[in-house]
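Given these sequences and hints, build the entire structure.
Residue numbers (our numbering), protein chains in the order written: chain A, 1 to 628; chain B, 1 to 211; chain C, 1 to 275; chain D, 1 to 220.
Hints are supplied without guarantee of correctness; some may be wrong.
[As the list claims (entries may be wrong)] Some chain A residues judged to face chain C by a derived CB distance under 8 Å, without partners named:
1. Y424
2. F439
3. A443
4. V451
Calculated from the structure, these hints are not laboratory results.
Quick reminder that beta carbons are idealized off the backbone N, C-alpha and C, glycines included.
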Amino acid sequence: MTGTVSARPLWRRLIGFNLLWGIVLGIVGFYFGWWLGHQIHAESLSFFESTNQNDVALMLGYVFALVGFLVGLGFLNYPLSRMRGHRATQAEKEEGGVGRYFTLCTDHKVVGIQYLVGIGFFFFIGGMNAMLIRAELLRPSPQLFGAGNYLTLVGLHGTMMMGIMTSGILGPFANYFLPLMIGARRMAFPRVESLTFWLLMAAGAILMTTLLFGGFPTGWTGYAPLNDEANYGFDSYIFFFALVGLSMTLLGVNMIVTTITMRAPGLTWGRLPIFCWGAISTALLMVLAAPVLIAALLMVAFDRGVQTSFFLSSAGGSPYLFQNLFWFFGHPEVYLLALPGFGIVLELLPVFARKPLWGYRIAVAGIVGVALLSFFVWQHHLFVSGLNSSLRPFYMFSTEAISVPTGLIFLCGMGTLWRAKIRYRVPMLFCLAWFFNFFIGGASGVFLSDVPSDVATHGSFFVMAHFHYTIMGGLVFAFFAAIYYWVPKMFGIALNERLGKIHFWTMFISFNSTFAPLFALGLMGMPRRVVTYPSNLQPLNDWVSVSAFVLGASMLLFLANVVYSLVIVRKPAPANPWDSHSLEWQTPTPVPLENFDRQPVIDSDPYDYGVPPVPVPLPPPAEAPAPG
Amino acid sequence: MSDLTIPSDGSEMSDLTLRESDVYAETPELHERIDRIGFWLVGGATVMFFFSFVFAYFYLRSLDSNGLWRPAGVDPPTAYGILIAAALALSALAFLYAARVARQRGRGWGLPSGVALLLGLFACVAQAVEYAHIPFGPQSGGYASVFFGWTVFYVVIALISLYRVEVAFAAALRARGEEDGAVPEGLTPAAVYWAFVAGLGVLSWIILYLV
Amino acid sequence: MNEPNHMRRIAIIWFALSVILTPIVVAVIAPTLPPGDATSAADNQLSDDTLLLGIVTPIAVAMIVYFAYTMIVFRRRGEPTEEGPATRDNRAVHIPWLVGTTAIVLFLATFGTVELADAGAGGGEGPEPAFKMTGDVLPVQVIAQQWEFTYRYPTYGGVETAHLELPVDKNVEFHVTSLDVIHSFWAPRLGVKADANPGVDNVAFVKPWQEMSFDIRCSELCGLWHGYMFDTGQVVSESAFEEWIHEQQRTFAPATKFLPKYSTQYFPEPERRAG
Amino acid sequence: MGPIWARVTVIGAAVVVLAALIALYVGNLVTEPPTVSATPAAAHEVQLKLKTEPAVGPQGANAPWVSYLVQNPEGKWIHSTIYQVPANSLVHVTVYQFDSDSGLRNPFLSQVQGTVGNTMTVDGKTMQAIPPEEASHTFAAPQMGLIVPLRGVPEEAENPCEEGPCSLKQAHETITFTIRTGKPGRYRWQCFVPCAAGFLAGFGGPMQTIGYMDGFLEVV
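Written out as structure tokens, the structure reads:
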């Protein structure tokens, strides 16, 4: 939005380091790797001839495709220049205009918008798969997709959501707003910032290619040894999640370093916006958990490609190794989906309640506490796996203990609402819905953490309902709150309020009507990921499917709002439509390239709303916002 | 969307914000700090990555599924192990020395970082040569799996880490003849990180060859 | 300004609703919940669920009442904006809150452990169960393979069958194992769930209290026909069980002679990828 | 940003392209092998002729994969595993078995179950079970209680079929059995022998792809 549109003709502008050449070189790279893989002949790989599926060729294809893609986008220019002895520079040459969105751009605001669109695209694909799954479950026996294609759909939905949406809030909103909130001009590692985005896009594209290679039957958990047995479509799962893991790790490093080193003068840790606390707690989980996932997936790649036996109990390995490593990552993973939601909700509540954030310190303690505790609970995913039965009471306790810091988040929300002056704008509706959804998700989580109760519900639709309440009800509602809240800053245009409210109510009601019955289905004995179920469960399943279609339609309503507001009407938004005191709203719209023309100096936290109490000589009246 | 501009109204700003102050200044100290903290975090991620292999090692060893954790004859050649570990350790020392010299004198880091680069590359090549002379294959049970997985990805990470060593060396080559000011930024954090990665290499030698 | 005492109102509404709803949930709704109380394990699970519901209900009521009350009473419409009071913290609230939630969590974990200590509450406990049934038990091996469960009765000559029958009022010790990938043996009405891992003996205990038929499903994704890995089992009287098992021994005599010796785990060939 | 009609046109075009892509995606996922009816033999009796080939060859998308084929009422061999049979009838199944043995993982499945008389005939000889290591495939529909192990062609047989299409002149075993169908429904059937060469545990690829070693019996 700043800079001038180049006067060069279009074809001249297409030549250079941009997405087009990234794709072209990516495809070239893929075929090179594919060819290379077929040149490898070894005694131990002779079985590829009888399978018609050369995993090594496919893996090399993906590796070289990624290299080609990154070369085409221009990611190797800077490292190569430094390897030739040139000095470090801070930014690439910035090209103005729309072209910036299709290449390596070191402006964190561009990356934020890239993330928003890219993640939205894959979110759409993941959601569409969910619709297809629910269409299949309209009847108790398979009717649309074969059993194999159904599993591929389930796997694609789960993997896409769990992989791409981990960056759902950090990617677009923390990249865009964290530097603005802390008064910085840029992220600490701007090239790495762009790299995280393009890695994520490459990962999503690689996952979709699984359809060309027969899909994969393992769901998003990819348990061994089923993953060793699967068709070579599973290789795309490996590369997808490994790239997502890499992207998460780098994103996390970037967030934390930026927050530590680039804060404006006066922005002490005690004044850091709560959203930034959510972002860096998430980032810490990303840095420490994602590498474990990468390592586990590389072990799978080795088992499939070069015949090691990490996960084969008949050959000196153990499938438990995969489960342990996967869930050591996997449980922090679900919190790194939830934590940014905590941050968003607590960040937005004060603005619409016109009160300071109540209990800032305990909110921080809650967020950090959840982050730290999440490393000590992973074995609750293995409660019936036959592992460590004597440690179950410990993991039961540690899992339930997570509700203590989560409770603090609720307390802060409740305290903030106490005697507030609440304005019901669309972002606020999503935030309040978050409390409702996350409470149900959390309460059902207590059932799942209690071992006896978990035996009845483990691996059933009950679990499915639980994590959709926490992730969809937590992350996705927070995601939409953030979109409605920050789009006026990002694009200079507000989304239509009335359509937004219709979207909210459709989504909130259909969301609950979709996922609440799943608790009952789970208790009645419906396992996850099955294409068949007893016919007495059909009415409830049909209800769920129809609700799910309404939920899907509510997403289309949102898209319609986006198109209507951002493309057709284009009514400029006020510079600070919510009357927020937070630093990012004090910048002009659109935000200039350098963010601030002067160095901001911070002298309070961003929640100084409200009327200060009139000094009273006597002890103040009890206004304890205690919950019932 | 470039036609869209909304003037920001200064009066809307609250007291918390922009105040007449010094202009942005990005000092070399800031860049050094960014590199240092960044390397610590990347170091943490690297530790968690190798932690997975350490966990796999001890976990599979304790399970010994089907008696195939480590069949007889699955022993990597000790000489290679010592050679690789020693090369890594010396490389790390050389690069630490290079950083120290650069910090104190502002020049003369070229030769030691070149040595560090050579030794690091030598360790990686030695690892590749070892695979050709090893008496077992990746199919030979749990230990062999961990051995190959760990060492292959160690080499990958070592090669990535050597990037900053090469950068220091290349900067020295380009700065030949100049008197001052060409010390690449973040040399000390890079040296500490490389020493850290090399230390992980020595640790893998201890676990894979000695334990 | 004549502000009503909001907190007292909330407390009264909460108390009234909780006093009405909690007994309804605990006494009326909870007993109808699956998995019922037809076996010892299912009973453990049900009493755990009942207690959790009894505690969650008043908490949920508190949350809903509080949020609904504040959202209605403290709402404001349109511009110009009013500001709320600038209160930031109150130690008198969050210390009791912290103590209260911690106490609830500790209590729940303790109760869960007590229920779990009753022979693992039907969950798979691995080869060395920490919580077990003692005395006279009937061992039954569940062999999962892609994609069917088969069952072996080691105390009846190691006969293998395609169906599961159990005698009523007898302690049963399931040994769940797999021949290929991970499956999970789930019999909801029995209250038994145990993952079937290749090369692992996963033990689960249950005592069926009444004669019935029950569904069996695989609850861990195991490949193409995961959704079709279902079956129906029976709990029958002791004499009917003896009759059935002897009939199975006769019927499956031709296959039984090929079976490997009973073992808690099997490593059949071929396991690896090969040409 | 151009004039409004240009923007609306662009949006409309994007919606059309997106819808086309979704249709392509869904269409690709709903395809399955053709359904082949059994040949009517008498009142309430049909004849179903199958063959198993060690490598399906050019008839399938994956030439080296092991596969079942079926003969349609016109006598033509079709590469499919979805068979339609009438309800409450007798189905006489003939399997021409061209593959060599792989051995059953669970020897229990080497006994014939669920056929009429709980027996089958192998090359004219009535059998109740075969040694599990001689099994090449099974024709098994667990929800119908049906398990029929198919004996493999001996290694030393003359003129073995290496790749389809296999002709009856080549070495094979002929297995016949009769099943009695019950209620209408779509029953899955599968092979239990780990016969997918080159996949871990012999159970990937053809063993997990409908159209090769898995399919449906459509009872109508």
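- Item | Violated constraints from the hint list, given by number and in increasing order | none
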